[in-house]
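Visitor: Given next are the chains, with one letter for each unit.
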Amino acid sequence: MPNKTFFWFFLPTGLAMILFIGLPIISTGIQSFYAQHDQVVKEVKKCDPFGCTVSIVVDNEETSKIREAKPLGKFNGFGTYTDRNHLAVEEIKKFWDETESFGAFVDQVTNLPFYKALIFTLTYCLFVTPNVLLLGFIIALSLNAVARKIRGPLIFGTILPMIVTPLVGSLVLFWMIDSQGIIGANIQNLMNDPYLSLKSSKTLTWITIIIYGIWHHSPFAFVVFYAALQTVPQEPIEAAIIDGASRFQRIKHIVLPHIYPVVTFVALISLMDNFRVFEPIIGFSAEGSAQSLSWLIYDNLVNEEVILFGSAAATSMMTIIGIAILLAPVLIRTWKEFKTAR
Amino acid sequence: MDYGLDTKSTRLKTFNTIFIITWLLIACFPFIWTFWGSFKVRADFFSRSDWWYAISAFNTLIETGGKFTTNAYTQAWTEGEFWKASKNTIIVTVFVVSISLFLGTLGAYALSRSTEKYAFWILMAALIFRAMPHITLVSGYLFPFFELQIWGILPTTIVVLVAINQPFTLWLLYSFFKTVPKELDESALIDGCSYFQAFRHIIMPVMWPGVITAGLFSLMLAYNDFTVTALLLNQENHTMVPKIQSYLGTNQHEGNLMWAVSAVVSATAPLFMLVMFFQRQVISGLTAGAVKG
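Line order of the protein sequences matches chains A and B. Heads up: the first sequence is residues 1 to 342, going by my numbering. Heads up: the second sequence is residues 1001 to 1293, going by my numbering.
No wet-lab data here; the hints were simulated from the structure. Just so it is clear, the structure is predicted and the values come from calculations on it, not from any experiment. For every residue, glycine included, the Cβ atom is placed at its ideal position computed from N, Cα and C. Where hints are given, some of them may not hold.
[Stated by the list, open to error] With beta-carbon atoms standing in for the labels, derived distance ranges: (1) B:LYS1013 / A:PRO194: 39 to 45 Å; (2) A:GLU90 / B:ILE1021: 53 to 59 Å; (3) B:LYS1013 / A:PRO236: 21 to 27 Å; (4) B:THR1070 / A:PHE75: 55 to 61 Å; (5) A:LEU190 / B:LEU1148: 53 to 59 Å; (6) A:LYS252 / B:ASN1234: 27 to 33 Å; (7) B:THR1115 / A:LEU256: 31 to 37 Å; (8) A:PRO194 / B:ILE1026: 24 to 30 Å.
All chains, please: the whole structure from these sequences, using the hints.
Guide: In structure tokens:
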């Protein structure tokens, strides 16, 4: 296709992506270097028969004037990145000097908001992704052994958790697991502990969200694996059966190598999706004990007094860098393949 | 696997059946339970004394005189203004689907027929864009949108959702157009058609299977979106998902929890029916990128 024709065909979608994906990333980058204005304060002298007192109040008029003149805020350089709510450089230095053991230091650091969120996000990715691959593969194998006639409805039932939005999915589970729900109440009875509930412990909350993640993402892995299983050639499997290979050996030596590229694809997609975990935290109302990077940004953006654009932008930039690190191996590999293909 | 040589022992078959039934229970029961519970009163579905009330409908009988009640639905749809939210969702979904298909088919067709190096780089860029968490993009939008005073209205959200949706649509339709033989449109070009004419007369009639799949995914994205709609729309224009969140209230004991339950059912039912109808397309779409390479 000639370049000129290509240009006109591609212009609308290209424009949409540049304007609403490319530019916002740049806008986020710029915003991250600014911080909201401080409030202007003034001294007010108040005199009454008993004498004069000087009090300091916020000058709302002046504050809003400054905000209007420079809506972006004041220039802050890398200040937002290094403050307590983000990388917390100074705090970490202080902890390093003050704490005696390494364990205490780690404890202190993981209590800082950004690191807390980073650790939750990574833990979530680390536990959800491999389990999604495994469960998805087992379901695919198992459904593949069922008679063809009843597979349709079974597949429909299997993909339900995936097609609902994460907020709805987590709510539906939360209403069951909560102390007043069917599962929660029964577990309380079983354990004989009326105070046992999702919110009572951080570990329980984390486990619940991770289980939710596996429940929500496994159907996707299942669908892809199931389709890939249909393309596995029959002859080698029949040969293996004649040679006396066990079921497990057949899967390990024939099926898995055949669908290997698909496994990397699923792993990549589910890693990307898990890294942005956010809605389940709202659905399970787990803000107290589990915060992810995306949730931190959301929290800044719905801040009631002043929207913390700078703070949200700084977290966003660091999230984007995180995504870049995750994607780098794949991109490098694709590029190498592309170069050798030429 | 269903091969003639492959004989399965009875034990394996039983095990397999048990596994599938367990999994289906885990996958579907939460939805069935929520559907059931949406016809009860709050004291039953969120019973503090006895979870069995949700089945025996103890409080529902006392409060409404019947075992099932549709109060939650009628209240959420009228008082809770869920009708407005569903109207907004329909507007957003229809526009997002049609615009993103229009842009996506043109772009993906061009990508699939280009042999230049930049086509590869565009696809890679789209992959990177696909990986961006939506909330990071939203944090980029908010400030400029406030300044331009286009925050809170439906058209802005529609355009944003179209753009966010483009990378995936492009990839999906790209791999679809790759399966349409080049010779088809090339012969039209030789006969003197321009590329646009070839697209209009040769490609358009055969592209519908791919377009339906891509359309379904755009629909699911627009219908299910929470991040963008919750932050870019004002209260008045909220779509269904942010509306459900607003029913939850700030903590468990405020808000109208039963409204949220009935709203969840109302929002999920159309989606389930759609997927039931188009199951084949959804599955082929999910596997398009993966299986073909």
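Visitor: Against this structure, judge whether each hint is valid.
Guide: Structure-based check of all given hints:
no.: 1; hint: B:LYS1013 / A:PRO194: 39 to 45 Å; verdict: 43 Å, holds
no.: 2; hint: A:GLU90 / B:ILE1021: 53 to 59 Å; verdict: 57 Å, holds
no.: 3; hint: B:LYS1013 / A:PRO236: 21 to 27 Å; verdict: 24 Å, holds
no.: 4; hint: B:THR1070 / A:PHE75: 55 to 61 Å; verdict: 57 Å, holds
no.: 5; hint: A:LEU190 / B:LEU1148: 53 to 59 Å; verdict: 57 Å, holds
no.: 6; hint: A:LYS252 / B:ASN1234: 27 to 33 Å; verdict: 56 Å, violated
no.: 7; hint: B:THR1115 / A:LEU256: 31 to 37 Å; verdict: 35 Å, holds
no.: 8; hint: A:PRO194 / B:ILE1026: 24 to 30 Å; verdict: 26 Å, holds
Checked against the numbered hints given earlier, the structure breaks only hint 6 and satisfies all the rest.
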